[in-house]
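Generate the whole structure from the sequences, applying the supplied hints.
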Amino acid sequence: MVRNWVCDPKSVSNAFMEYYRKLLGTESASRSIVMPEIVHVGPTLEQLQKDQLLVPVTGEEVKHAMFSINGDKAPGPDGFGSHFFKENWNIVGEDVTKAFLDFFHTEKLLKKINSTTITLIPKTKCPKPENQGAFVHGRFIMHNIMMCQEIVRQYGRKNASPGCLIKLDMQKAYDTIEWDFFGRNVGDPLSPLLFVVCMEYLSRTLHKVGEDSYFKFHPRCRSTKLTHLCFADDLILCCKGAFNSIHLLLKGFKLFSNTSGLKANIQKYAVYCAGMKPDVVAAGRITLINAVLLSIHSYWAQVFILPKHVLKTVEAICRAFLWQGTYFCTKPGYVALEKVCSPKKEGGLGIRKVQAWNIAALGKYVWAIARKQDTMWVRWVNAIYIKAADWWEYQSKADNGWYWRKICGVKEDLKVLFTKAELAQMHKYSIHKVYQKLVQHHDKVPWGSAVWNRASIPKTRVICWLMVQGRLQTRTRLHKMGIYNSTKCLLYEAKGETHSHLFFDCEYSRRCLQGIESWLDIPTSKVHYMGLLRWIKWKSNCSKFQKTAMHTAVNAIVYVLWRARNDALWNQKVPTPSATIRFIQRSVIDRLAHIGAKQPSTADQIWWKNKCAI
660 MVRNWVCDPK
670 SVSNAFMEYY
680 RKLLGTESAS
690 RSIVMPEIVH
700 VGPTLEQLQK
710 DQLLVPVTGE
720 EVKHAMFSIN
730 GDKAPGPDGF
740 GSHFFKENWN
750 IVGEDVTKAF
760 LDFFHTEKLL
770 KKINSTTITL
780 IPKTKCPKPE
790 NQGAFVHGRF
800 IMHNIMMCQE
810 IVRQYGRKNA
820 SPGCLIKLDM
830 QKAYDTIEWD
840 FFGRNVGDPL
850 SPLLFVVCME
860 YLSRTLHKVG
870 EDSYFKFHPR
880 CRSTKLTHLC
890 FADDLILCCK
900 GAFNSIHLLL
910 KGFKLFSNTS
920 GLKANIQKYA
930 VYCAGMKPDV
940 VAAGRITLIN
950 AVLLSIHSYW
960 AQVFILPKHV
970 LKTVEAICRA
980 FLWQGTYFCT
990 KPGYVALEKV
1000 CSPKKEGGLG
1010 IRKVQAWNIA
1020 ALGKYVWAIA
1030 RKQDTMWVRW
1040 VNAIYIKAAD
1050 WWEYQSKADN
1060 GWYWRKICGV
1070 KEDLKVLFTK
1080 AELAQMHKYS
1090 IHKVYQKLVQ
1100 HHDKVPWGSA
1110 VWNRASIPKT
1120 RVICWLMVQG
1130 RLQTRTRLHK
1140 MGIYNSTKCL
1150 LYEAKGETHS
1160 HLFFDCEYSR
1170 RCLQGIESWL
1180 DIPTSKVHYM
1190 GLLRWIKWKS
1200 NCSKFQKTAM
1210 HTAVNAIVYV
1220 LWRARNDALW
1230 NQKVPTPSAT
1240 IRFIQRSVID
1250 RLAHIGAKQP
1260 STADQIWWKN
1270 KCAI
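Under this note's numbering, the residues of the sequence shown are numbered 660 to 1273, in order.
In short, the hints are calculated from the structure, not lab data. Using N, Cα and C, we set each Cβ at its ideal position, and we do this for glycine too. Possibly wrong hints are sitting among the right ones.
[Claimed, not checked] Cross-link-like lysine to aspartate or glutamate pairs, in silico, DMTMM-like; alpha carbons within 20 Å at most:
id : residue 1 : residue 2
1  : K709      : E720
2  : K1074     : E1052
3  : K1074     : D1058
4  : K1023     : D1033
5  : K927      : D892
6  : K1056     : E1071
7  : K884      : E809
8  : K722      : E746
9  : K826      : D892
10 : K1203     : D1263
11 : K1198     : D1180
[To be verified] Label-pair ranges, simulated between beta-carbon atoms:
id : residue 1 : residue 2 : range
12 : E705      : K971      : 52 to 58 Å
13 : E705      : N747      : 40 to 46 Å
14 : W1036     : W1194     : 57 to 63 Å
Structural data, given as structure tokens:
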């Protein structure tokens, strides 16, 4: 195929037209006619059905068609998607209906209505030749190259220190400088030298960034306090692989950019990171596991019985991501996988068991055969394998296909749960319902609804869940693991740091609980989590909204006390109880204001208004 490179807009437009004309049109001068004898081999429409197809389209059908389009679909070139038309139907509906009915009546359509937008997805990062930038006068480029080599030397290692390198290229560097920045004319013959002065301003800006207490230097640049390397209009920024440091570095460059007029070429930037992990809290990881990790294999899990090695690998990836934030880690989790995969109401996290879900997904084929569905596949397996046998009692043979033997194996799993009549009477097969029957269930836990209540902040729910399981890494647990010699509480050193002591018996936690008692009237004499939950549950003079606020506050207490303990461990500082109480109150108030409540009663509104007046 001859390939020609076109650049100007008109040629590009013509190239697209020619491509789609060949793609969507026909290259044959003549084609064979439709043969009636072939058409009538299969079922055809009856006359009544033909008449129904010829009934004129109504305005109501036009509206129904418009409202059936997903509002999030990409709009056309005019920028108006279906969401616009649905929201403004009372204004534009009549005109839209007339336009469509006119098309069905005249068979003519304005071409612009049927136009679309073409998006180019490049096969390479940038179809441009590599350009070598100019060098700063008096600088030996090999020095900078060797320094870059040293900075990135450990980037390929598994346990590399967190570091970040950002490569930027100035867009038309000599042409885009704001010359008022220099106070010189554009045509000054010293312009190239003034560009060096401009970059010196950048160096001094980034030097100020390096003085910020929140900024951390790159692990290999701490002693030299290096933040960047300049090669005329090429720039390399370096810092520790942490959000604050990267944010401050880019903020400094943006300040320079807004001052000088020099912009980075977004087509030529690159970011290189080492030792950085996604900063996703456990609550977010649970969502990502269910929504992403367990969805990646779901297509194939509905087609094949996946090998046990694959299923175990998927479970290992999910376990590592849940507890460590990485995909490949052999460290054990805080809670056993069997418990994690239990429903939340039974004390787990509601993460799916991949093997049981695989069986439930393939059970659809067993159900289809039991229902005698009129599909080609069901007819085929009946003709080749089942024949005149009873499907429920059918046994596959050793020389049958691997896939068919696995389907028969799934049938044996379902026979434990369903009779043939029960399965055949299912009007619609539900993978979820079959999965729920396949997994082993336990008794409901009394704290499930309180820990996972919607009003609590997601990260507080996870900490509370670990607390009631007794699986937070307290010093007592760490001592048993041989990690710490001392078991003394970090908030109040009189006793050992157990779960019950840290959250309810410690002098520090008792003072925080007393502050919440005076705020929400929760009795702190109930000195353990379950006691507080039972008191809230059986307090008859409290409305549902008030109980929700109390549950949210109790969960916030657990989370904030755990955070205070970690501050004492890692930063050697502990907030005052009064500061902790204020933080808990503000967290609860902000959370309830964010999620709202479904039409709280007047009494609840008055009660909550008084509680917010702190």
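Query raised in the report: Given the proposed pairing of K1198 with D1180, does the C-alpha separation stay at or below 20 Å?
Result: 11 Å, holds
Requested in this report: Would you mind confirming whether the straight-line C-alpha gap from K722 to E746 stays at or under 20 Å?
Outcome: 12 Å, holds
Query raised in the report: Hey, K884 versus E809, does the alpha-carbon distance stay inside 20 Å?
Result: 15 Å, holds
Query raised in the report: For the pair W1036 and W1194, does the Cβ-Cβ distance stay inside 57 to 63 Å?
Result: Holds - the Cβ-Cβ distance for W1036 and W1194, about 59 Å, lies within 57 to 63 Å.
Query raised in the report: Quick one: are E705 and K971 within 52 to 58 Å, going by C-beta?
Result: With Cβ atoms ~55 Å apart, the hint holds.
Query raised in the report: CA of K826 to CA of D892, is that 20 Å or under?
Result: 11 Å, holds
Query raised in the report: Between K1023 and D1033, does the CA-CA distance stay at or below 20 Å?
Result: 14 Å, holds
Query raised in the report: Does the alpha-carbon distance linking K1074 and E1052 stay inside the 20 Å limit?
Result: Status holds; Cα separation ~10 Å.
Query raised in the report: Within 20 Å, alpha carbon to alpha carbon, are K1056 and E1071?
Result: 14 Å, holds
Query raised in the report: For the pair supplied as a hint, K709 and E720, is the alpha-carbon distance within the 20 Å limit?
Result: Roughly 18 Å between the alpha carbons, so the hint for K709 and E720 holds.
Query raised in the report: Is K1203 within 20 Å of D1263, Cα to Cα?
Result: Holds, at roughly 9 Å.
Query - Status of the given 40 to 46 Å range, CB of N747 versus CB of E705 - result: 41 Å, holds
Hint check: a violation occurs at hint 3 only; the rest are consistent with the structure.
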